[in-house]
Amino acid sequence: MRIRTDVKANYRAIFFAGKTIRQRINSSIQISSPEFAEIEDVAINNKCFANCPYCYTSAMSTGQNFENIVDKAYKVWGKRSLNNRPFQIAIGGAGESTLHPDWIEFVKTVNSLDIMPNYTTNGMHLSEDILLATEQYCGGVAVSYHPHIEKVFHQSINVLSELKTILNAHIIIGNEESLESLKTLYQQYKEKIKYFVLLPYQSVGRASKIETHNTWDNLFKWISSLEKSEHEKFAYGANFYNYLKENKQELNIDMYEPEIYSGYRIFNDSFMDLRCSSYNLNLKERV
Amino acid sequence: MKTLFIMSIENTIDLITNSSSELFVLKGGTKDVIMQMLDNISPVWKSEYEEPKNILELSVDDLNVYFSYACSAHCWPARKSNYPVLEGFTFDELYEKDKSDKAWNGEIQYQLRNNKKSKAKWDRDFVTENNRIEIINKLSPNHNMWFLFSFDENPNWDLQEQLMEIADRYHLG
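Order-wise, the sequence lines are chains A and B.
All letters in the first sequence, in the order written, are residues 1 to 287 by our numbering.
All letters in the second sequence, in the order written, are residues 1 to 173 by our numbering.
Okay, chain A solo, but in the shape it has when bound:
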């Protein structure tokens, strides 16, 4: 269990078994952004072979695996007091992280620093060693669903669901087809997958502009129509924030301003900089 207090931000957080409880120190004052991020999204490469036409980071097969990521992890987190290290990181962000040759050493190092590593994968490169390291060092893994490599998704879910590590699925919701896919996957895998993490389609990177509003309306109508106990199977990307603020849902969703607890770190030469998010590369903190 880790406990972190930031009196100036009126914030206390308790992290245990992958869960975080955030508290106000003074119950009548809102929490503001704590000095150090609680969650960091981490990119260790920008290389990917999935070639998704809607990739928001424009990852390419010719992308790079960033160098010395283990040393960088020590420099950026290891030198801080435990209280100021993130509770957990989500590895992904700009490429398929499991392509990195130092991936296993990296998650092992992060784990040894008392930070829980989690990652997102397209499932294309899950070797035996990576599966073993996932179970040994990682708190959670999410498989991203991409229709053009659907077969890999199914294989990965079946393999990863055998591990003790928590398994999520990331599904981008943009057009009606994506919503139909979600409905099918939900029925097929609701016993194996802990959370269906729904990410709103964003026309960023090489993703073209499409109309999403009606599909999002239909998405929330569909979830509302499920049994209440099933509502907890879904989590929502922060980019749904503005939509949810403008379109009140019957679902009991805990909303908080995006980016106040998290940041985005790219392990290239700028690894000492923490940015606001992978959609907002403005500087948040420099070590």
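A few of these clues could be false.
[Unchecked claim] One-sided excerpt, in silico: chain B residues whose CB lies under 7 Å from chain A: (1) Met7; (2) Thr12; (3) Asp14; (4) Ile16; (5) Glu87; (6) Met145.
[To be verified] Straight-line C-alpha distance at most 16 Å; calculated EDC-like pairs for lysine to aspartate or glutamate: (7) Lys116(B) - Glu96(B); (8) Lys121(B) - Asp98(B); (9) Lys138(B) - Glu87(B); (10) Lys31(B) - Glu232(A); (11) Lys108(A) - Glu135(A); (12) Lys221(A) - Glu250(A); (13) Lys19(A) - Asp32(B); (14) Lys19(A) - Asp39(B); (15) Lys194(A) - Glu230(A).
[What the hints assert, rightly or not] Now the in silico label distances, taken between C-beta atoms and shown as ranges: (16) Asn84(A) - Phe91(B): 38 to 44 Å; (17) Lys80(B) - Ser81(A): 38 to 44 Å; (18) Glu107(B) - Ser229(A): 53 to 59 Å; (19) Glu57(B) - Ser203(A): 41 to 47 Å; (20) Asp168(B) - Glu176(A): 47 to 53 Å; (21) Asp168(B) - Ser81(A): 20 to 26 Å; (22) Glu57(B) - Ser81(A): 34 to 40 Å; (23) Glu165(B) - Asn280(A): 32 to 38 Å; (24) Glu211(A) - Glu165(B): 45 to 51 Å; (25) Asp152(B) - Lys164(A): 23 to 29 Å; (26) Asn280(A) - Glu129(B): 46 to 52 Å; (27) Met60(A) - Ser42(B): 50 to 56 Å.
None of these hints come from the bench; they were simulated from the model.
Where a beta carbon is used, it is the ideal one built from N, C-alpha and C, also for glycine.
Using the hints, position chain B against chain A.
Relative to the frame of chain A, chain B by itself:
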């Protein structure tokens, strides 16, 4: 003395795998998460404490127990500034004069306002069935306060010390 711990939970989240941004999770699971946290601290907590209660689950009696402690000057005679004014309330909403005479320190003494209509002097309460919701809404507009009451007096001290790191502790008379 019974012990009470209070936490103001902003939100709870499960682990994050989303590589582009944070998640929102559904409310409603907070009680379970608090209980899991307590299990994580010490699985024996259940033998000494009731299940955590959200402020909306508190009875009139529970609330009166809380106010009688949280609004005590903890000394006698007291100065006016010794009486805590809880956020959301004014001094006059919380207190009324105890007696019109001043105490030997030259100060008027105060007690929690009696909001009961009863004429009997001893029959007094700050929280009543009529004002319960109003009081809850003033004390915790977001209803994010959680209360952990001990069953009996003087629960295990080591556990109390651990809980004091994550919650405000009250010793209830």
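Lys138(B) paired with Glu87(B) [C-alpha distance capped at 16 Å]: holds (8 Å)
Outcome of range test on Cβ distance (Glu107(B), Ser229(A); 53 to 59 Å): holds (57 Å)
Asp168(B) paired with Glu176(A), Cβ distance criterion 47 to 53 Å: Holds, since Asp168(B) and Glu176(A) (Cβ atoms, about 50 Å apart) stay within the stated range.
Beta-carbon spacing of Glu57(B) to Ser81(A) - inside the hinted bounds 34 to 40 Å or not: Taking Cβ atoms as reference, Glu57(B) and Ser81(A) lie about 38 Å apart, which means the hint holds.
CB-CB spacing for Glu165(B) and Glu211(A) relative to the 45 to 51 Å hint: Since Glu211(A) and Glu165(B) have Cβ atoms about 50 Å apart, the given range 45 to 51 Å holds.
Restraint status (C-alpha distance of Lys194(A) to Glu230(A) at most 16 Å): holds (11 Å)
Supplied distance hint 41 to 47 Å, evaluated on CB atoms of Glu57(B) and Ser203(A): Distance hint for Glu57(B), Ser203(A) holds at roughly 45 Å.
Restraint status (C-alpha distance of Lys19(A) to Asp39(B) at most 16 Å): holds (13 Å)
Hint consistency between Lys19(A) and Asp32(B) [alpha-carbon to alpha-carbon, up to 16 Å]: Measuring from Cα to Cα gives roughly 11 Å; hence the hint holds.
Asn84(A) versus Phe91(B) beta-carbon gap, inside 38 to 44 Å or not: Since the Cβ atoms of Asn84(A) and Phe91(B) sit about 40 Å apart, the hinted range of 38 to 44 Å holds.
Supplied distance hint 20 to 26 Å, evaluated on CB atoms of Asp168(B) and Ser81(A): Check passed, 25 Å falls within 20 to 26 Å.
Interface hint outcome for Met7(B) [beta carbon to chain A under 7 Å]: At about 6 Å, which falls below the 7 Å cut-off, the nearest Cβ of chain A leaves the hint on Met7(B) intact, so it holds.
Against the hints set out earlier in the document, a violation occurs for number 25 only.
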